[in-house]
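J.: These protein sequence lines map, in sequence, to chains A and B. Under the working numbering, the first residue of the first sequence is numbered 1, with each subsequent residue one higher. Under the working numbering, the first residue of the second sequence is numbered 443, with each subsequent residue one higher.
Errors might be hidden in some of the hints.
Said to hold, decoys possible - DEER-style ranges, computed between Cβ atoms:
| # | chain 1 | residue 1 | chain 2 | residue 2 | range |
| --- | --- | --- | --- | --- | --- |
| 1 | B | L488 | A | R362 | 39 to 49 Å |
| 2 | B | I657 | A | V67 | 45 to 55 Å |
| 3 | B | E513 | A | G432 | 28 to 38 Å |
| 4 | A | R362 | B | P579 | 48 to 58 Å |
| 5 | A | D395 | B | Q462 | 27 to 37 Å |
| 6 | B | N517 | A | T45 | 55 to 65 Å |
| 7 | B | K719 | A | G432 | 28 to 38 Å |
Treat the hints as calculated values from the structure; they're not laboratory data. We put the CB at the ideal spot given by N, CA and C, even for glycine.
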Amino acid sequence: MLKTFSIGGIHPAENKLSAESAIQVLPIPQMVSIPISQHIGAPATPIVKKGDEVKVGQLIAKSSGFVSANIHSSVSGTVFKVDEIMDASGFRRTSVIINVEGDEWLEHIDRSEELVKEISASKEEIIKRVGDAGIVGLGGATFPAHVKLSVPPGKTAEVLIINAVECEPYLTSDHRIMLEKGDEVLVGTQILMKALEVNKAIIGIENNKPDAIAHLTKLAANYNGIEICPLKTQYPQGGEKQLISATIKREVPSGALPIEVGAVVQNVGTAYAVYEAVQKNKPLIERVATITGKSLKNPSNWMFRIGTPVKDIIEAAGGMPEDTGKIVGGGPMMGKALSSIDVPLTKGSSGLLLLPREETARKATKACIRCGKCVSVCPMGLEPYLLMVCADKKDYERLEKDAVMDCIECGSCSYTCPANRPLLDYIRLGKGKVGQIMRARK
Amino acid sequence: MNTKVLVAPSPHVHSGDSIQKNMYGVVFAMLPALLFSFFYFGLGALVVTLTAVASCYLFEFLIQKYILKTEVTINDGSALITGILLAFNVPSNLPIWIIMIGALVAIGIGKMTFGGLGNNVFNPALVGRVFLLISFPVQMTSWPVSKGLTSGYIDVETGATPLAIIKEGLKNGQSLSSLMDKIPSNMDMFLGNMGGSMGEIAGAALILGLAYMLIRKIITWHIPVAVIGSVAIFTGILHMVNPEAYAGPMFHILTGGLLLGGIFMATDYVTSPMSNKGMIIYGIGIGVLTVVIRVFGAYPEGVSFAILIMNAFVPLINVYVKPKRFGEKRK
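Build the full structure now, drawing on both the sequences and the hints.
T.: So, in structure tokens, the structure goes:
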């Protein structure tokens, strides 16, 4: 029996339309908008102004705290302005807008394809370079990577878990990275192991990607301490707590971090970015995203420069289909709906999904028939039907008691509900309120 | 480009599951037992089923449209289930007017007074059934003897159910082994060749329906297994203690409405607990109460009462029996 996580879970239609499409390089746009907040934590502080000349890889906004991340220019050219523009969240946020001129890189960045296996950097140097390169979790959560590598005093990391699950339907960028950059990913994994001082790493891959499992298993024979762990395809296995449960059978306690059970989880794309930062001096200025959708002409995977407008990647894939009803940044289960295609792609853009109108329109909400399906699919063992009622009745005390803050917002409950009840919408409202109350109490 | 797009929070896709799909799935699962009752009881079964279903639809429509003045939701399939289950729970020679009263009680009192589908505490079909059993005890316990497809409706020969034969016989001081000759063999009971309510006699057909519902994931195994398992264990112990006074597990599982109740009535979404742990407690409660009523109570059959009593405990079970949370410390 293949491994999977302990409680709940669903199996939505996989729709991995772009799995066979090799990563292509998206042409550099004429203008990029690079938001200074592309990560969880404090926004970076811009250090360039209008008229400044910048090169590819140059720091343009500086990390403003421990939980924050550097932002680098992804192009060469002139800063047009530093201004507020709408980003993927729909809010206006400060961004550095650069007019592109040529493609001139900073000299110390190694742009060759040659694999560098020898890890010369020390533990401290690795963490510093990962921080300097502005690397964040590339699975979508965008948590600054160097923070996770800095194990708090009193805790010890025992195992590094690489998240190569890609449990979201449609998305294939991690899948392609494993197939095309396998060695780089494994060297990146060893760099992360060195930073964490662990001698064991587990790469968790769902068995709907047998080619990636076979490829990495073959390569991993040349690397010490890396184990490839095939997992049963089950959503939301890419959730940090679920992946830890699936791979090492430990459950992270409510409110605690993975380090509590001796684990550190990093995304496979992050491992690749770490390789590039440490071995090649390349900051996080580009990444791979999937552009996909059932009506789209050419579902495919693209390496794009951070700050490229969303509409460029849509054009590259054959243009927006007539029947598009929703544009989702990310996957269909946890992605965010975009209100415009002029917003920039950022560090967290793992994919772009164009959903046909009839698939995305919500159906009428019916009365709860108490079937209990939301309870049985919840991967955190919560009772979504009850949390929805409590959020609606503003019973925040009971919400907190029934562990609303444990909800990982995977959406399995809303996805499953036969009465089309917007369970997660209400739970989010409740979480927001309970979070406020808990912070005020401190 | 001027395409208008929706902006809404995730998830952006839905499983496509719906109330109708589940309800009609249950109806499909009841078809083997329904068809069997047509073959076994002939015309009577057809008349009873059609009357029960039509009355449930009619009363739900009238109440929603003219009394509650709300949206009419008769298409959700739940009235169809209540109608068929009500028919399953009565003899096939029950007069039309009694069936209609049963349907009115089931839909009117059992379901609509609580606010309609999703809000009722008790299984509507059972509320109707028990009301009829108490109000019309003679008509509700005269079971037609099968003449196959040619069986008539009202004017049919009647006989007793195996449970009633045993209960009466034991009361009159007969020994169990002598009574066993008067009841059908286990195989006959499994295939449905015995007296009883329309839908409860054919164990094989009911189990076929259970298999379908489990495969389609309409229900989980917890309730049926807990109900049937606890009856098997409880009666097994009694039988071992005194085989002359207490019939064995096989007899109790195959007779009366145990399979019908455990598979189709106790598993009603609305009136059963939400968590798997809760479902098992609820199922064991039904099993134990059924045996207590059958063996020690006044009625030969106790499944209906057991389910209704446990229905009343469901809100309490939901409050006190929580699913195991992820990361919760095991005690």
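J.: Evaluate the given range 28 to 38 Å for the C-beta pair formed by E513/B and G432/A.
T.: holds (32 Å)
J.: Could you say whether the range 55 to 65 Å given as a hint is met by the Cβ separation of N517/B and T45/A?
T.: Given a distance of about 60 Å, which is inside 55 to 65 Å, the answer is holds.
J.: Just tell me: holds or violated, for the beta carbon distance of L488/B and R362/A against 39 to 49 Å?
T.: At 42 Å between Cβs, range holds.
J.: Quick check on a hinted range of 28 to 38 Å for K719/B and G432/A, using CB atoms only.
T.: For K719/B and G432/A the Cβ distance comes to about 30 Å; the hint holds.
J.: Mind checking the hinted window 48 to 58 Å against the Cβ distance between R362/A and P579/B?
T.: holds (50 Å)
J.: If I claimed the Cβ atoms of I657/B and V67/A lie 45 to 55 Å apart, would that claim hold in this structure?
T.: The hint (45 to 55 Å, Cβ to Cβ) holds, given that I657/B and V67/A are roughly 49 Å apart.
J.: I want to verify a distance hint. Is the separation of the beta carbons of D395/A and Q462/B within 27 to 37 Å?
T.: holds (31 Å)
The structure meets every hint from the earlier list without exception.
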